[in-house]
Every structure is written in C-alpha cells, then in structure tokens.
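Peer 1: Sequence:
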Amino acid sequence: MSDAPPRPPRHLGSLEPTSPEYLGSKSFILFITSDTSAILSRMIKYLKFAVLVSANAEWAAVKSAFPAPSVERSPYGEYFFNHAGEERVLFFHGGLGKVAAAASTQYVIDHLRPAYLINIGTCGGVAGRIGRFDVVVPDKLVIYDIYNAIGDDPDEGYYVTDLDLPAHFPTPAIRTTLYSADRDLTPATLRDIEDRYHPTAVDWESGAIAWVTKRNGTPLLIMRGVSDLVSFERGEAEGNGALWVENTRRVMVVLLTNLPKWMAAMTLMAAGH
106 MSDAPPRPPR HLGSLEPTSP EYLGSKSFIL FITSDTSAIL SRMIKYLKFA
156 VLVSANAEWA AVKSAFPAPS VERSPYGEYF FNHAGEERVL FFHGGLGKVA
206 AAASTQYVID HLRPAYLINI GTCGGVAGRI GRFDVVVPDK LVIYDIYNAI
256 GDDPDEGYYV TDLDLPAHFP TPAIRTTLYS ADRDLTPATL RDIEDRYHPT
306 AVDWESGAIA WVTKRNGTPL LIMRGVSDLV SFERGEAEGN GALWVENTRR
356 VMVVLLTNLP KWMAAMTLMA AGH
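By the count of the working numbering, the sequence shown reaches residue 378 at its end, each step adding exactly one.
In short, the hints are calculated from the structure, not lab data. Values in this document were obtained by computation on a predicted structure and should not be read as measured data. Ideal placement from N, C-alpha and C gives every residue a C-beta, glycine not left out. Worth double-checking, as some hints may not be accurate.
In silico DSSO-like cross-links for lysine-lysine, where the CA-CA straight-line distance does not exceed 30 Å [as the list claims (entries may be wrong)]: (1) K245 with K366; (2) K153 with K168; (3) K245 with K319; (4) K245 with K168; (5) K366 with K168; (6) K319 with K168; (7) K153 with K245.
Beta-carbon label-pair distances, calculated as ranges [said to hold, decoys possible]: (8) L348 with S169: 12 to 20 Å; (9) H216 with N161: 18 to 26 Å; (10) D289 with V359: 18 to 26 Å; (11) I255 with L348: 38 to 46 Å; (12) E191 with G344: 38 to 46 Å; (13) F337 with F238: 17 to 25 Å.
Let the hints inform the model, and build the full structure from the sequences given.
Peer 2: Structure below.
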C-alpha cells in the first residue's frame, strides 16, 4: 500500500483543505489525512451558526434569497454557505417530517459541529389566537402524535423539550409552546387536540429538532412564521397549496431578514447577557 496521502475528491482538488468551501463539503468527511485533527479544529471554530430548513417550499424560498449559492448535497438534501450579516452561515435542507428532521439535525451536529443551531420555517396558527404572518419563537416543544397503548415505553412527556430564549427579543415574536406532529393542522385535527393542548401554533419538525439538539447540548433557536390559519370550521390552506407556497415565501423573507439580529441575541445570551 502506498504511503502517499489520499487524493481529495475531484471537485475539491483546487481548494485549500482548510478553506471554508472545503470544510463545507460533505466530501470532506470522507477525506482523512494526518492533519484531520487540525482541520476539524479549524472547522469547529469557523462554523458558528447552522440554519436548518425543513419543507421543500421553505428551502426554495431560502435559496432564492441568495444570488447563485454554491450548493452541495448531503444524504438529506442540499446545503450551502453564505453570509447573514457579518457571519458566514451554513444553510441546510433537512427534509419534511420528524424522521428527516431528527436525522438531519444529528448529521449536522456530528459532521459540522456548529456552535449554535437555528431552525426557520412555517407553522399553522389557530385563528383568534395568533395572526397570519406572526412569528413564533417557542420556549417549549411538544410532539403530540405519540399514542402508547401497550407496554411501558415513554409517553409523549418524554418528547417535550424546553428551550432557553434570549431575555429580550430583537424583533417582534410570540413566545409560546409549539406543537409538532407528522400531520397538517386541520379543523378535524384541531378538534382532536383542543381539549388537551389548546394550541396556538402547530408544525411538523420543530419538536424533533429540539429533542435532538437538547440531547447533544447544542443551543437551539426556532423561528416559525404563521403561513396559514385554521379554525374549527375551516383551514384556509387546506387543498390550496398555492396559497401555502406564496405565504411561505413571504414568511421566509422576513425570517432571513431578522436572522442576524437573532444570531446576535443568541451570542449575547451564551455570554450571560
């Protein structure tokens, strides 16, 4: 066997092995050299923030906000590096639903080791309790589609996660509990969960992302904008995908605009301010 170091993947061959572009590539994980420890150390210092995005329409809106991002692929979807304010940030498409959200969150933590994670996306709101396009920043996440009828496995309380939030919100947002399940909020769903939870906002992935980050000790902020409202009689986006896509675009523009201020707030909170 040759003692020569392995060649880097062809599409990375012209990059310095300590450059952000090299470190941002999924292929970096497979290219191991005697300098691995130093490169990992450089990568950890470099990647302060990773932003997770779940649904396809949410990701499309994020990509369209940046001019020609240099997109790579992970096992879960696309990702790229770009600036949010003065910070260079990883934007990572994790996929729809709890399984993809949990797996992609752990993947980012294991392979890219960000100091902070932020999840941005959409949620459904309950009419009369929150407004369309309001921004939710939850301090508690509840996965509500856990139904244990047999045995003594953990019940839904095992999947409740509390998050620490900045004392002062830098942009308008509503602090509340966010409820997650692999289902859209519809009038029928709302009637099913109303007595137990009396929810204000509901989504798909936040509960899984929060559960994984908590067990890894990674600070997390979730920002979800209300894309559509649901009452006991009507869900305005039910059967109207075009409305949801357009409202999602509007939500994501606001969240990306506000992102640098929330990143600064997370940094101050970690410093004890």
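Peer 1: What hints, given by number in increasing order, does this structure fail?
Peer 2: Checked against the structure, no hint fails, so every one of them is satisfied.
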